[in-house]
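K.L.:
Here are the chains, one letter per residue:
There are 6 protein chains.
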Amino acid sequence: MVKPISRISTEIDFEKNGKQVGHLAVPSSTNESAYGIVPIPITVIKNGKGPTMFMTGGVHGDEYEGPVALMKLAAKLTPAKIQGRVIILPAMNLPAVLAGQRCSPIDGLNMNRVFPGERNGSITLQIAHYVSNVLLPLTDYQFDFHSGGKTLEYIPTMIMNVSKDKKREKRTTEALKAFGLPIGLVDVKSDHGGLFEMECEERGILSTNAELGGAGRVDVQTLAWTEIGMMNLLKFFGLMDGKIVTPESQGRPAPRLMEVNDPRSNSFAPDTGLYEHFVDLGANVKAGQTIGQVHFPGNWEKKPWPVKARRAGLMVLKRPPGRVERGDVVAQIAQDWKG
Amino acid sequence: MVKPISRISTEIDFEKNGKQVGHLAVPSSTNESAYGIVPIPITVIKNGKGPTMFMTGGVHGDEYEGPVALMKLAAKLTPAKIQGRVIILPAMNLPAVLAGQRCSPIDGLNMNRVFPGERNGSITLQIAHYVSNVLLPLTDYQFDFHSGGKTLEYIPTMIMNVSKDKKREKRTTEALKAFGLPIGLVDVKSDHGGLFEMECEERGILSTNAELGGAGRVDVQTLAWTEIGMMNLLKFFGLMDGKIVTPESQGRPAPRLMEVNDPRSNSFAPDTGLYEHFVDLGANVKAGQTIGQVHFPGNWEKKPWPVKARRAGLMVLKRPPGRVERGDVVAQIAQDWKG
Amino acid sequence: MVKPISRISTEIDFEKNGKQVGHLAVPSSTNESAYGIVPIPITVIKNGKGPTMFMTGGVHGDEYEGPVALMKLAAKLTPAKIQGRVIILPAMNLPAVLAGQRCSPIDGLNMNRVFPGERNGSITLQIAHYVSNVLLPLTDYQFDFHSGGKTLEYIPTMIMNVSKDKKREKRTTEALKAFGLPIGLVDVKSDHGGLFEMECEERGILSTNAELGGAGRVDVQTLAWTEIGMMNLLKFFGLMDGKIVTPESQGRPAPRLMEVNDPRSNSFAPDTGLYEHFVDLGANVKAGQTIGQVHFPGNWEKKPWPVKARRAGLMVLKRPPGRVERGDVVAQIAQDWKG
Amino acid sequence: MVKPISRISTEIDFEKNGKQVGHLAVPSSTNESAYGIVPIPITVIKNGKGPTMFMTGGVHGDEYEGPVALMKLAAKLTPAKIQGRVIILPAMNLPAVLAGQRCSPIDGLNMNRVFPGERNGSITLQIAHYVSNVLLPLTDYQFDFHSGGKTLEYIPTMIMNVSKDKKREKRTTEALKAFGLPIGLVDVKSDHGGLFEMECEERGILSTNAELGGAGRVDVQTLAWTEIGMMNLLKFFGLMDGKIVTPESQGRPAPRLMEVNDPRSNSFAPDTGLYEHFVDLGANVKAGQTIGQVHFPGNWEKKPWPVKARRAGLMVLKRPPGRVERGDVVAQIAQDWKG
Amino acid sequence: MVKPISRISTEIDFEKNGKQVGHLAVPSSTNESAYGIVPIPITVIKNGKGPTMFMTGGVHGDEYEGPVALMKLAAKLTPAKIQGRVIILPAMNLPAVLAGQRCSPIDGLNMNRVFPGERNGSITLQIAHYVSNVLLPLTDYQFDFHSGGKTLEYIPTMIMNVSKDKKREKRTTEALKAFGLPIGLVDVKSDHGGLFEMECEERGILSTNAELGGAGRVDVQTLAWTEIGMMNLLKFFGLMDGKIVTPESQGRPAPRLMEVNDPRSNSFAPDTGLYEHFVDLGANVKAGQTIGQVHFPGNWEKKPWPVKARRAGLMVLKRPPGRVERGDVVAQIAQDWKG
Amino acid sequence: MVKPISRISTEIDFEKNGKQVGHLAVPSSTNESAYGIVPIPITVIKNGKGPTMFMTGGVHGDEYEGPVALMKLAAKLTPAKIQGRVIILPAMNLPAVLAGQRCSPIDGLNMNRVFPGERNGSITLQIAHYVSNVLLPLTDYQFDFHSGGKTLEYIPTMIMNVSKDKKREKRTTEALKAFGLPIGLVDVKSDHGGLFEMECEERGILSTNAELGGAGRVDVQTLAWTEIGMMNLLKFFGLMDGKIVTPESQGRPAPRLMEVNDPRSNSFAPDTGLYEHFVDLGANVKAGQTIGQVHFPGNWEKKPWPVKARRAGLMVLKRPPGRVERGDVVAQIAQDWKG
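Residue numbers (our numbering), protein chains in the order written: chain P, 111 to 449; chain B, 111 to 449; chain U, 111 to 449; chain V, 111 to 449; chain E, 111 to 449; chain G, 111 to 449.
The set of hints was computed from the structure by calculation and includes no laboratory data.
It is possible that part of the hints are untrue.
The list treats identical chains as interchangeable, and a pair is accepted whether it falls inside one copy or across any two copies.
Unchecked claim - List time: in silico DSS-like cross-link candidates among lysine-lysine, alpha-carbon distance up to 27 Å: (1) K113 to K448; (2) K191 to K353; (3) K418 to K182.
Model the full structure from these sequences, guided by the hints.
P.N.:
Written out as structure tokens, the structure is:
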């Protein structure tokens with residue numbers, strides 16, 4: 111027999127027209143179950159010729175907005191409504207999603223640091239390998255829906271990377287604008303870093319990475335924007351008919367392109383304690399401004415330790431949990447993208 | 111030697127004028143430290159005659175607003191500024207505060223279910239016993255600062271209990287209004303329940319229980335309101351001179367007295383999954399209205415399970431975490447207090 | 111307000127005719143959910159006057175035969191089929207059942223050592239208290255369905271206790287025979303021991319305790335016998351019409367009354383290692399006979415350590431797991447009950 | 111100095127005549143012991159010229175039949191009784207055997223997914239590497255004794271693989287028949303999969319993989335068959351004189367050659383709950399037949415979820431534990447091997 | 111049947127002459143073993159009339175000197191050598207001893223804080239209850255062998271309590287001197303505290319509490335002194351013939367009576383970090399002298415925090431582990447007992 | 111952008127004159143903190159031209175003497191005092207140091223088995239990679255300060271390796287003597303083994319590995335010797351003026367060169383139990399001499415198991431913890447180095 115590309119199998123036929131709801135069967139042999147699978151949910155909707163849009167969520171298990179919006183989208187879409195193919199993985203790291211934590215409870219791995227994965231590795235590695243080697247070759251446009259998770263909160267943001275392929279970069283910028291979240295961050299990365307988006311970049315696939323909010327919640331407003339944005343993408347890339355519903359038509363500004371490529375964009379907690387923000391998401395801060403302080407309930411004789419912004423800009427990201435440890439990012443300050 | 115009231119000792123002299131910053135020494139003998147103490151931070155400020163206000167936070171370790179506001183208050187107050195005595199325990203359950211979790215990591219207990227504690231019990235029980243038997247006898251007014259913690263979020267609220275002593279109940283209502291949070295909840299309880307507030311009630315001590323927000327955060331706005339409210343209380347009870355800063359003077363409405371005594375005020379998650387709120391805190395909902403639904407990423411073939419409000423009213427409390435288990439309260443609907 | 115008997119509430123009305131499916135709401139406030147309940151499933155079927163039979167399972171969470179048979183019975187019974195009242199708690203210690211372990215994962219308690227429970231105790235204690243103080247006062251006949259769980263395996267057995275009330279003891283014996291399992295064990299206990307059955311005995315309620323098999327399985331044959339037995343009980347006590355289906359009519363012998371009151375009935379593992387049985391359930395052994403041995407894979411130079419029967423009789427119970435620790439019961443040898 | 115093949119050392123001399131009982135010293139440096147070894151028990155019996163039979167157990171730590179039978183064999187064999195060499199590793203993954211769990215408690219690895227191991231890897235990888243690179247080069251015939259472990263139960267079975275070397279495949283089939291278990295499964299594998307047996311296959315070594323029963327027990331009957339089978343193998347390959355004791359001579363049928371190469375041989379649990387088998391090991395089932403159902407004690411309003419056989423055949427494997435999670439194999443249906 | 115004093119049983123007959131080696135059978139029903147016992151080792155040696163000496167070790171599981179010396183003593187003593195009765199429990203909290211930790215791994219309890227125990231409590235409580243209610247009534251002289259355990263180190267010390275019974279106190283002092291360790295500490299306690307020694311005091315039984323060293327070791331020198339001391343005690347109380355081997359005859363000084371009743375005897379770690387002692391056990395320090403400092407490897411910008419002696423005296427106790435947390439005792443300073 | 115050598119960044123400029131105190135920022139993305147760093151403390155002191163000495167501690171987190179001495183040295187040194195460059199990493203595996211355990215609590219790895227690390231690996235691997243690829247290329251002399259940690263205790267020792275470069279080996283011997291600890295061990299290793307010292311050897315960098323004591327303590331005497339030794343090294347290599355303070359000038363002997371290259375140098379615990387040493391560090395033992403025994407408190411019927419020295423020599427290393435498991439090294443016997 112021929113050795114298959116992956117140890118993961120599925121009954122889905124990616125070339126078949128119609129709507130298929132099933133799972134990727136990741137082989138698993140553990141103390142609790144000697145023979146078994148971890149089933150990763152997948153929906154494929156195909157109607158004739160056309161591009162393939164691959165939409166993913168749950169790469170981190172505590173980022174719930176993407177999985178919820180994608181499950182709703184998967185339930186709503188029908189072959190008749192689209193032209194081309196839509197592949198939806200709403201919970202790519204299902205064990206982490208079920209546990210409600212960033213990293214897999216099975217092998218402890220952060221899925222978005224291990225791309226392109228390993229064929230014979232642990233479960234998280236096998237899934238990343240399957241996505242990279244079976245699904246990405248089918249893909250024209252990849253949209254991965256993240257959010258801040260339990261320990262971060264973003265102004266709803268879509269992140270894209272500068273690319274050697276300037277034409278693709280331009281198209282990505284347009285797609286980001288069509289999606290319509292308040293902020294667009296343009297990243298300049300020097301390292302693959304095991305990131306899903308960089309794997310797409312290396313393979314020449316248009317991709318973005320949404321940061322839909324976070325704090326471990328499913329925010330009513332952000333979810334509404336996301337559901338509109340997903341439909342906008344399908345229209346933008348021609349998989350669906352209809353007019354894009356712009357932010358402006360919803361009474362809010364168009365996406366603002368910004369960047370956080372300067373390492374001083376991040377402010378860190380200087381010690382373990384309780385963090386008090388002085389300003390909130392959306393504040394404009396000055397370089398050197400004190401933006402919060404750490405209190406020490408276990409060493410109550412010590413004064414609070416102030417934290418400063420290291421450059422001027424807009425606070426686009428904060429750490430919601432009151433408890434911090436040294437080294438945690440407590441805020442991220444963005445500046446307008448000069449391109 | 112005479113057997114002392116408690117195994118807990120302190121170098122604080124509660125009758126001394128001036129400001130003392132120290133700790134309660136709770137004896138502890140564990141695998142990690144055979145001889146030692148758990149030190150509970152305490153600040154006492156006293157100036158001559160006058161009532162004793164006892165302010166507490168950190169009864170639950172993931173409710174950070176109270177500890178932060180109380181540490182700031184303890185640092186700011188001086189004997190010269192007050193008349194009477196202020197006792198501040200910003201982190202009554204210090205081990206839980208340091209761990210950032212509701213219950214004590216040492217004995218697993220929820221401190222607000224074990225009052226009046228036990229002299230010879232585990233650490234949480236000993237602290238509750240000391241508070242009940244050493245500090246409450248010194249106290250005229252008790253204010254315990256809670257919030258929703260990691261798994262709940264309130265519109266900032268102060269809770270009081272109806273009392274057999276109608277005069278004290280009236281005074282409590284006035285104090286609640288002086289504190290100035292948006293909502294005041296009036297509880298009718300049939301059970302002591304191990305609650306700190308019911309221990310105060312039984313001992314005839316005026317007390318309230320603030321719910322400052324929650325979601326495991328320290329919210330900028332709520333903290334500002336809380337710091338103003340604490341000063342208002344000191345003025346209201348005559349420990350400090352000056353005029354109360356009313357909500358109206360800050361451009362927001364006076365506290366609204368409401369209640370959640372009907373068990374149908376609570377809506378519960380019907381199964382384990384990801385919860386999507388349809389409406390947010392502050393929404394007015396109808397009885398029977400669908401206010402959210404549970405999604406099942408691990409059983410993606412199942413439709414979402416709708417959750418309904420069981421009576422009409424204002425949504426004053428929600429569960430922020432996207433992940434829910436059967437039996438979790440996802441929303442609380444309040445109605446105006448008819449007295 | 112009047113302080114209720116229990117902190118547990120339910121929407122079930124035990125006096126109402128008809129079939130009600132609901133839950134007991136045990137209040138729960140944990141790190142993962144500040145406000146919430148643990149819901150214990152309950153079914154009540156009532157039709158006019160008649161005795162109340164109370165059937166329970168899942169007191170230990172790894173004894174699955176009872177919960178499965180009771181869930182099937184609860185689904186099948188209708189008011190029209192019975193006369194009187196049937197109360198079914200298929201998973202009395204639901205958290206343990208969901209975890210698949212003997213003791214509660216919440217408070218670590220073995221529910222069958224803590225009766226009659228405590229009103230204000232931890233979750234397991236509260237459930238035991240509710241059962242003792244709310245449900246037992248409604249009960250005429252109590253049947254608690256245990257099995258060996260993960261670490262024991264019984265020849266299917268029903269256990270009864272000798273009673274001061276010889277009339278009730280006689281009736282219990284008849285009920286045990288009507289149920290129709292191969293073995294009936296008659297226990298002479300000197301200690302309440304926190305056992306559910308002893309709480310029934312103290313309250314003068316007829317009760318037995320079935321041991322349906324075990325090894326952490328749901329055996330096809332045993333389950334069939336159990337489902338027949340449950341119908342037999344309803345007929346025996348007049349809650350249902352129809353003829354008892356005796357073991358003899360199924361081609362197997364009537365229950366054999368035996369006892370294990372001599373402490374030497376138990377044989378213990380003498381050291382930690384892998385246990386090899388020399389004889390199986392149902393074997394007749396002699397006093398002093400070597401019935402197994404412990405092997406030491408970590409100390410391979412040591413010879414296996416033999417284990418002997420300490421008296422003659424029938425092996426009615428064995429420990430299935432190959433791994434043993436010193437002090438584990440590996441076998442129980444029964445003798446015929448002389449009454 | 112010359113870098114040795116492995117970091118593992120032993121005082122055993124594999125070329126020496128006689129019987130040696132010792133251990134493989136796997137270097138280990140942990141929090142609990144900075145300098146130390148994990149000792150893997152080994153027995154080598156050699157008498158002059160002749161083939162080398164290498165017999166192993168305890169690759170998974172909860173499969174106890176193999177270790178028990180091999181420890182008894184190692185104690186019983188003497189150089190005088192054999193011609194050639196017998197190498198016995200009764201507990202190849204000793205830390206897992208001592209813990210009684212499938213995977214290593216030290217590095218979490220499933221040893222039978224990591225062959226041929228890594229010289230400088232974690233402990234499980236080092237052992238697999240030593241076996242592959244030191245012991246397999248000495249080996250003519252390899253027999254690895256597995257069983258179902260805690261979460262599976264087999265009709266006693268011996269598994270072999272089809273091979274490119276048809277002569278070896280034929281010899282393996284004869285050895286399997288000589289061993290004499292009820293079932294022989296013939297596997298067609300497309301992937302090395304880190305399996306010990308595939309490592310043997312790649313190296314051209316005759317090997318099989320016994321599945322002696324399971325459910326975490328040591329079954330009296332299966333153990334007896336195994337001990338006879340081991341002697342039969344020694345006779346079959348000429349290491350020992352004497353006549354093979356066939357199953358037929360024990361009054362039971364000869365091994366039946368079957369296969370489970372169709373992925374539909376496996377039936378999976380569709381959700382988390384309690385599993386009720388409708389049929390038992392040895393049953394003949396039809397394609398589409400309902401063979402069991404999942405009950406939901408935590409969601410008692412839901413009906414049980416039926417599980418079907420996906421093809422016709424003999425049920426050779428079942429999951430014994432009553433508690434299941436989605437994706438667990440609950441049954442395996444075999445068909446006769448057509449060759 | 112009569113309800114027995116304890117749920118614990120034993121086959122030992124305390125009134126029988128001769129030497130009996132056996133165990134106390136503590137009933138245990140856990141997830142890992144539904145029916146079983148925890149066996150607590152006991153040796154009883156009796157020869158005719160005479161007093162009963164009860165010697166215990168392993169009340170804390172990480173204090174190894176006592177268990178080792180007592181196991182050696184139990185092996186060595188014979189009825190012929192003594193007059194009276196010696197009861198030896200070398201590992202009273204066996205589960206803690208096997209785990210090598212202070213508190214029981216089963217119920218988390220510190221046995222020396224729970225006397226006189228509870229008949230129906232968890233395992234540690236049951237053992238304390240049995241000792242208090244079955245063994246202490248048999249006892250004339252009780253000697254409990256502690257040491258510092260993993261987190262403390264003593265100059266070898268014997269501790270006694272002042273007593274209302276001055277005659278017994280005087281006899282205890284003489285016994286302490288006969289035992290012959292370098293230091294004798296005389297405690298004045300105001301609280302029972304759940305201590306074994308205070309339970310003896312309340313029952314009018316002569317008792318001491320040795321602190322043989324600690325740091326989680328078995329020190330060669332201290333063990334030798336202990337073994338001599340145990341023989342001295344048997345001679346002192348007339349259970350054995352022979353002359354007491356005094357410290358002076360071994361070339362070391364007689365025990366020095368000291369005390370640590372002033373709370374300022376203890377110096378505490380002021381924060382979490384690495385502790386550097388400036389002086390060692392046996393040093394004479396002045397009040398206010400800096401005796402060590404805490405270093406902060408995680409906050410390397412901070413200066414070390416000095417720790418001072420709070421009164422003058424001899425350092426008899428130190429904390430050996432380099433890692434400390436706020437509240438840990440790092441040193442104890444003793445002063446000569448003024449009586 | 112150019113892909114950097116490491117994912118770790120720092121604001122330290124290694125070429126700048128002066129004293130810089132900062133950290134290496136190891137990127138970290140975990141369940142508790144999605145964006146953050148693990149900060150590894152570093153101090154660099156540079157003054158003009160001259161060699162680079164690189165001094166490290168905390169490779170194992172429970173070896174506290176090195177971190178304490180290095181933090182004190184880093185605080186004390188100033189550019190004016192030296193000529194050349196000193197790089198100090200007092201807590202190379204900071205997460206392990208903060209946890210007080212040998213291996214990293216984040217990825218479980220023993221840092222001294224994974225050199226030269228991996229650029230994209232887990233945190234411990236990234237640090238080892240940075241040290242190997244960024245810091246070692248800057249280094250002339252490397253001194254790594256270990257000790258026995260919690261589970262070993264050494265007579266203070268410095269370890270060096272024989273080298274192909276005999277000139278460097280000779281210089282290393284002189285440096286070892288200049289440092290001045292009682293013992294010098296000369297190792298002959300056949301395997302890189304992932305050791306930091308072997309990575310230095312491969313790169314041609316002079317290095318030693320000190321073993322400063324251990325038992326999880328910070329010993330007063332050993333720390334004093336270490337602080338003197340560190341100054342001696344700076345003088346020996348010309349980074350500092352002044353005369354070496356020899357052991358002889360402190361009234362103790364010069365370092366004694368010994369070796370433990372024979373595998374029989376180690377004696378192992380033969381079973382799990384409590385270990386009693388018969389001799390202490392510094393004892394001269396004979397081959398075959400019984401140096402201790404294992405007691406079995408859980409199997410009190412068994413006699414203690416004696417442990418023998420396997421060759422003659424000086425006991426330079428012992429295991430302090432009383433609890434042992436099979437395979438633990440309990441003692442190491444050294445012989446004089448014959449060169």
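K.L.:
If a hint holds in the structure, say so; if it does not, say that too.
P.N.:
Now for the hints, and whether the structure bears them out:
In the homo-oligomer, the alpha carbons of K113 and K448 lie at most 27 Å apart only across protomers (23 Å), although the nearest pairing inside one protomer, at 49 Å, exceeds that limit. In this assembly of identical chains, the alpha carbons of K191 and K353 lie at most 27 Å apart only when taken from the same copy (14 Å versus 62 Å across copies). Proximity of K418 to K182 under the C-alpha cut-off of 27 Å is restricted to the inter-copy arrangement: shortest distance 19 Å between copies versus 41 Å within a copy.
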